[in-house]
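Colleague: Keeping their order, the protein sequence lines are chains D and P.
Residue numbers for the first sequence follow the working numbering, beginning at 1 and rising by one.
Residue numbers for the second sequence follow the working numbering, beginning at 1 and rising by one.
Hints in this document: simulated from the structure, not taken from any laboratory.
It is possible that some hints are incorrect.
One copy or two, it doesn't matter: identical chains are merged, so the pair holds either way.
What the hints assert, rightly or not - Listed below are the simulated DSS-like cross-link pairs for lysine-lysine, each with C-alpha atoms no more than 25 Å apart in a straight line:
| hint | residue 1 | residue 2 |
| --- | --- | --- |
| 1 | Lys34 | Lys64 |
| 2 | Lys31 | Lys67 |
| 3 | Lys121 | Lys106 |
| 4 | Lys67 | Lys34 |
| 5 | Lys131 | Lys199 |
| 6 | Lys138 | Lys172 |
2 protein chains.
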Amino acid sequence: MYIPKIYKSEDEILMKSIINENGFALLISNKTHKILASHSMFLWNESEVPFLETHISRANPQAKTIKNGDEVLCDFLGAHSYISSSWYDHKNVSTWNYEAVQIYGKIELMNNDELYNHLDKLTAKYENSQKCPMLVEKMGKDYVENEMRGAFGIKIYPTEIDISQKLSQNRKEADYQNIILNLEQSPQENEKQIAEKMKKIREYNFF
Amino acid sequence: MYIPKIYKSEDEILMKSIINENGFALLISNKTHKILASHSMFLWNESEVPFLETHISRANPQAKTIKNGDEVLCDFLGAHSYISSSWYDHKNVSTWNYEAVQIYGKIELMNNDELYNHLDKLTAKYENSQKCPMLVEKMGKDYVENEMRGAFGIKIYPTEIDISQKLSQNRKEADYQNIILNLEQSPQENEKQIAEKMKKIREYNFF
Numbered sequence: 001m002y003i004p005k006i007y008k009s010e011d012e013i014l015m016k017s018i019i020n021e022n023g024f025a026l027l028i029s030n031k032t033h034k035i036l037a038s039h040s041m042f043l044w045n046e047s048e049v050p051f052l053e054t055h056i057s058r059a060n061p062q063a064k065t066i067k068n069g070d071e072v073l074c075d076f077l078g079a080h081s082y083i084s085s086s087w088y089d090h091k092n093v094s095t096w097n098y099e100a101v102q103i104y105g106k107i108e109l110m111n112n113d114e115l116y117n118h119l120d121k122l123t124a125k126y127e128n129s130q131k132c133p134m135l136v137e138k139m140g141k142d143y144v145e146n147e148m149r150g151a152f153g154i155k156i157y158p159t160e161i162d163i164s165q166k167l168s169q170n171r172k173e174a175d176y177q178n179i180i181l182n183l184e185q186s187p188q189e190n191e192k193q194i195a196e197k198m199k200k201i202r203e204y205n206f207f
Numbered sequence: 001m002y003i004p005k006i007y008k009s010e011d012e013i014l015m016k017s018i019i020n021e022n023g024f025a026l027l028i029s030n031k032t033h034k035i036l037a038s039h040s041m042f043l044w045n046e047s048e049v050p051f052l053e054t055h056i057s058r059a060n061p062q063a064k065t066i067k068n069g070d071e072v073l074c075d076f077l078g079a080h081s082y083i084s085s086s087w088y089d090h091k092n093v094s095t096w097n098y099e100a101v102q103i104y105g106k107i108e109l110m111n112n113d114e115l116y117n118h119l120d121k122l123t124a125k126y127e128n129s130q131k132c133p134m135l136v137e138k139m140g141k142d143y144v145e146n147e148m149r150g151a152f153g154i155k156i157y158p159t160e161i162d163i164s165q166k167l168s169q170n171r172k173e174a175d176y177q178n179i180i181l182n183l184e185q186s187p188q189e190n191e192k193q194i195a196e197k198m199k200k201i202r203e204y205n206f207f
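Work out the full structure: start from the sequences and follow the hints.
Modeller: Put into structure tokens, the structure is as follows:
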């Protein structure tokens, strides 16, 4: 992912929040001539050597090509929104604001215990807010282990982390504030989110 | 993208609507050892031989590796939502519903006229709904041609189109309706969208 310097972030907290809030992301590999990409559910594992974890179906052809040590790319697109140049006080081209994380990393296939723990954490992440959470412990170990037979668990140890935060940092104050005003008036969640993020980084840079 | 038969669509109208509504998508190439992927704005061009069109910055390293005839993958993720198995009337694992289009295609680099037309259409698509649209004709040809010097225009002629519509088609009626009810109660746009899509395909399959 090409990131001009002004949009490049090194903020690990931002990275983790983009991954956490956009955990349904893209696993891309190119072990065969053909690029393969699967939408799957990711978690960031904050161990001593942190890594990403995800799983895909064993029936997925990508599972048959991925081996220990392969390098893959994981793409997490965060909030994003069209930015109209009609909101600036001068002639310009329009653009798109967005936050994104791309992580290149080396594959390590999960063993059964790791896959069990992965599914346990993933389920807890999304089920804890449900009225009657269907947690792994409620499903029972035998049931989960049976389901696991169809799942291909993957750990990804980062070799390169790219964090992009393209939020109109190149705009002067009047245009910047006008972009925020326009985005706040939108009925779209993504646009409101970008407005919030723009307000936050401007504060952060000022104080 | 692995698509079990029950979720596989051949519906070209659906494909075009996913591309149109999720035009900020991912251009993935693997010409070098490293996979490269850029978030960029796509249009579907409905010519006699239809193709995708997009542009990235000339400063983007991906622009330096992409040549005529290369195969790339374009990934469009549509509406998507976590589906809690706590909404079913029996024990099961949770999942994620989503619509997505992946298009493999061969690159043809745009000439200047094609890039001008691409930017003209792209701007019109997003500017026509603005209060004071900043259209290409308003910017003036000289201005646009100057801006074009930083843009790398790409046409992608499809060699394979994969349309995934994973909307709980494998669920029995009571669970299906309960998923819709739960998604409709969510404050999240994406979840409401998935509920709408689930209602629509069930109607479509019934009548």
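Colleague: Now look at each hint and say whether the structure bears it out.
Modeller: Quick rundown of the hints versus the structure:
1. Taking the shortest alpha-carbon separations for lysine 34 and lysine 64, both the intra-copy value of 13 Å and the inter-copy value of 20 Å come in at or below 25 Å.
2. In this assembly of identical chains, the alpha carbons of lysine 31 and lysine 67 lie at most 25 Å apart whether taken from the same copy (9 Å) or from different copies (21 Å).
3. For a Cα distance limit of 25 Å, the shortest separation of lysine 121 from lysine 106 inside one copy, 22 Å, qualifies, whereas the shortest one across copies, 40 Å, does not.
4. Taking the closest pair of Cα atoms, lysine 67 and lysine 34 come within 25 Å of each other both inside a single copy (16 Å) and across two copies (16 Å).
5. Taking identical chains as interchangeable, the C-alpha atoms of lysine 131 and lysine 199 lie at most 25 Å apart only when they sit on different chains, with a minimum of 23 Å there against 34 Å within one chain.
6. Taking identical chains as interchangeable, the C-alpha atoms of lysine 138 and lysine 172 lie at most 25 Å apart only when they sit on different chains, with a minimum of 22 Å there against 55 Å within one chain.
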